[in-house]
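**Student:** Quick mapping for you: the protein sequence lines, in order, are chains P and B. Sequence positions in the first sequence follow the numbering used here and run 501 to 671. Sequence positions in the second sequence follow the numbering used here and run 1498 to 1748.
The set of hints was computed from the structure by calculation and includes no laboratory data. Cβ coordinates follow ideal geometry from the N, Cα and C atoms, glycine included. The reader is advised that the hints may include incorrect statements.
[Unchecked claim] Calculated cross-link-like contacts (lysine-lysine; reagent style BS3-like; alpha-carbon spacing at most 30 Å):
no., chain 1, residue 1, chain 2, residue 2
1, B, 1683, P, 669
2, P, 667, B, 1527
3, B, 1743, P, 658
4, B, 1683, P, 666
5, B, 1543, P, 658
[Stated by the list, open to error] Listed next, the stretches of chain P that the computed footprint assigns to chain B, with coverage defined by at least 3 CB atoms under 8 Å from CB atoms of chain B:
no., region
6, 537–550
7, 565–572
8, 608–617
9, 624–634
10, 647–660
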Amino acid sequence: MTAATFEELAMPLFDQLYNFAHWLTRDPSEAEDLVQETYTKALRGFPSFQPGSNFRAWMYRILRNTFLTSRTGLAASATVPLDEEDDTSMPVAVGTPETLLIERAHEELLQGALGELPLPYREVILLNEVEEMSYQEIAETLSIPIGTVMSRLSRARKALREILLKKLKRK
Amino acid sequence: MIDPWAAKLDTYLDGELSSEEMHDLDAHLKNCTDCAAEVLHRVQLKRALKAGGRRFQPRPEFRQRIRQQIAAKPRRSSWRVWAIASAVLATLLLAGVLSSHYRELRSARHETYSEIADLHVSTLASANPVDVLSTDRHTVKPWFQGKLPFTFNLPELQNSDFTLIGGRVTYLGQTPGAHLIFQVRKHQISVFIFQERALDRELDENSSPRKDQSFTLQTWSESGLRYFVIGDASSGDIEKLADLLKAAGKS
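Pulled out of the complex, with its shape left as it was, chain P reads as follows:
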């Protein structure tokens, strides 16, 4: 494996990784630092990367672990106790905020709600909905079992709906 191969694999992920880093840190310059450190670590660790395994999940895992050990990351992850028995039953919708979201004007509202989600929920929603990762990939990225991915995702969706409803009522 040569540096060229790493560049070929890693650069196409640059925009997504930056977007994800920005959502995690919620600050542009912290996001840049995080992405830079991720690429440095990944380049260094690349010889030990197992060809054939999932490169994207590997990069996201490095980024996320780097974030979690940063000051912002420690603060963000310390605030939410997660209740995680592996039940995968989905909450029944409390209302239907979605219909209102068709309007483009509500995009900001949705972004606000996403930003308000506790970190573990925010990241699982981003990986699933924005990065369109499979449950398996998310499990690899977050180093958790698939059952936990499913239950966390369903809690995250429920929390997001509740925030959206609250915001819509306030309007």
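With chain P held as given, fit chain B onto it using these hints.
**Tutor:** Chain B alone, transformed into the frame defined by chain P:
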């Protein structure tokens, strides 16, 4: 009114239900207006999230900086240009050879996976899929004695969702191996075990479950044996069974 289907809608929209459940839910949506409306709402939210979530763009200077950082190469003086040019040429040639080699490897791999899928499907289609019919691993394992040039361990399945259905001798590329059939919920999963050396194919050292033509397949090599796990069950179930087999193989 908690509809048992409603609980599955998100998993359905994420495309993570088994093909059988997908099919059932498709059928259900044609008749249930509540669920159909719920699906519509969720699709709208999904779409809005996908658009709204791609929000932050990196600065072009930052991209440039990272690109330089990972492509960092020492500067060389101009009189070496020719030496470099020939080195580049050699590298390109090598890369060409390597990439075509890699392509061949990939297609050989793909071929093996198709053969495994064929074995799985043709066996399940048969009226007598197994030659030794037993849920007891202590019956199934000894049955292979004298029929195969190797031996393997079967996992303890009590307290798991899996049941052993039975086994038969199978062949892949003129190499004999064990074909075991397990069941989880209504899904049948095939496990194939061959001697790595006899198989003589370049396969993934340890793959994660992958989807291929709606089957999920996982393969790995352990103590000289090559394992394949394939079925239409969810990748979670395939991986669980693979983990049980790996644990048994180590004991």
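**Student:** When the structure is checked against the list of hints, which entries are broken? Sort them ascending.
**Tutor:** Result: hints 1, 2, 3, 4, 7 break, sorted rising.
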